[in-house]
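Engineer: Sequence:
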Amino acid sequence: MHSMDRKVAIVTGGSSGIGRSAAIAFAKAGAKVVVAARRTTEGEETIKLIQQVGGEGLFIQTDVTKAAEVEALVNKTIETYSRLDFAFNNAGSGKASPLTEMSEEDWDAEITVNLKSIWLCMKYEIPAMQKTGSGAIVNMSSQGALIGVPNYSVYGAAKGGVISLSRAAAAEYAKDKIRVNVVSPGAVKTDLWAGAPPEMLEQIAAGIPLQRVGEPEDIAEAVVWLCSDAASFMTGHNVVLDGGYTAAV
2 MHSMDRKVAI
12 VTGGSSGIGR
22 SAAIAFAKAG
32 AKVVVAARRT
42 TEGEETIKLI
52 QQVGGEGLFI
62 QTDVTKAAEV
72 EALVNKTIET
82 YSRLDFAFNN
92 AGSGKASPLT
102 EMSEEDWDAE
112 ITVNLKSIWL
122 CMKYEIPAMQ
132 KTGSGAIVNM
142 SSQGALIGVP
152 NYSVYGAAKG
162 GVISLSRAAA
172 AEYAKDKIRV
182 NVVSPGAVKT
192 DLWAGAPPEM
202 LEQIAAGIPL
212 QRVGEPEDIA
222 EAVVWLCSDA
232 ASFMTGHNVV
242 LDGGYTAAV
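Per my numbering: the sequence shown ends with 250, consecutive numbering throughout.
Watch out, some of these pointers could steer you wrong.
Claimed, not checked - Capping the alpha-carbon separation at 30 Å, the derived lysine-lysine pairs in DSS-like fashion look like this: (1) K29 to K49; (2) K190 to K132; (3) K77 to K132; (4) K67 to K190; (5) K67 to K124; (6) K96 to K132; (7) K124 to K96; (8) K117 to K176; (9) K176 to K49; (10) K132 to K176; (11) K29 to K77; (12) K190 to K29; (13) K67 to K117; (14) K49 to K77; (15) K117 to K178; (16) K67 to K132; (17) K176 to K67; (18) K178 to K124; (19) K176 to K96; (20) K176 to K190; (21) K178 to K96; (22) K117 to K77.
The hints are simulated quantities; they were obtained by calculation from the structure and are not laboratory data.
Work out the full structure, taking the sequences as your base and the hints as a guide.
Structural biologist: Here it is, written out as structure tokens:
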């Protein structure tokens, strides 16, 4: 267990799935957790789950595509807890569509929610971490940034941009003892799969060398490790968590 006592973490997209699991994992490690999401009921539910494991947290309704709301999120975190040590910029979404059938509005929406939001989060988190004196950021990418996934071309482009943006940020702010890393999950059992028939999940698992679909906790544990002192010499790195899928394709 990584001791994060007296440390403070922000988790965006913390109302379900990987974000919720990461928020709980940070709390178990001892950090106070600020959960940001658009959905209030689900966000408050994450706080209850944090309290159930003996943690402390705060929910702040936030649309990470809007600069004013991201700025308010970070400001409220500092007002409440006086510092910011960690951030998991996880919020995002993907829409399946053939490249030629996507509208310009679709393009703008995909790039905004998956790439611009990461830039906005870092824009406000980094100055707060500079005041704290150090920090660690983990940004959410996808195996779709590393391999071509049909009908997810723009999503993949945005997630590829997250990796490039994160590497540059890591190089830029290393002098401030702020580390920036990326996680790129493969197939993970989140709400997106809730309605999927079991045979579909079995088929996906069969194509993964480890023969299973990932659990949200698999990603959450890696995120907390990347923020911990155990990863103190790692920055600018993309950690692929896909059961070996991209190694085997």
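Engineer: If a hint holds in the structure, say so; if it doesn't, say that too.
Structural biologist: So, going through the hints one by one against the coordinates:
1. K29 to K49: 13 Å, holds
2. K190 to K132: This hinted pair is violated, its Cα atoms lying about 37 Å apart.
3. K77 to K132: 15 Å, holds
4. K67 to K190: 28 Å, holds
5. K67 to K124: 12 Å, holds
6. K96 to K132: 38 Å, violated
7. K124 to K96: Answer holds: K124 to K96 is near 26 Å, not above 30 Å.
8. K117 to K176: 24 Å, holds
9. K176 to K49: 37 Å, violated
10. K132 to K176: 13 Å, holds
11. K29 to K77: Between K29 and K77 the Cα gap is close to 22 Å, so the pair holds against 30 Å.
12. K190 to K29: 21 Å, holds
13. K67 to K117: 9 Å, holds
14. K49 to K77: Holds, at roughly 19 Å.
15. K117 to K178: 24 Å, holds
16. K67 to K132: 23 Å, holds
17. K176 to K67: Given pair K176, K67 holds - Cα atoms ~28 Å apart, limit 30 Å.
18. K178 to K124: 16 Å, holds
19. K176 to K96: 37 Å, violated
20. K176 to K190: 37 Å, violated
21. K178 to K96: 36 Å, violated
22. K117 to K77: 21 Å, holds
Consistency note: the structure conflicts with the earlier hints numbered 2, 6, 9, 19, 20 and 21.
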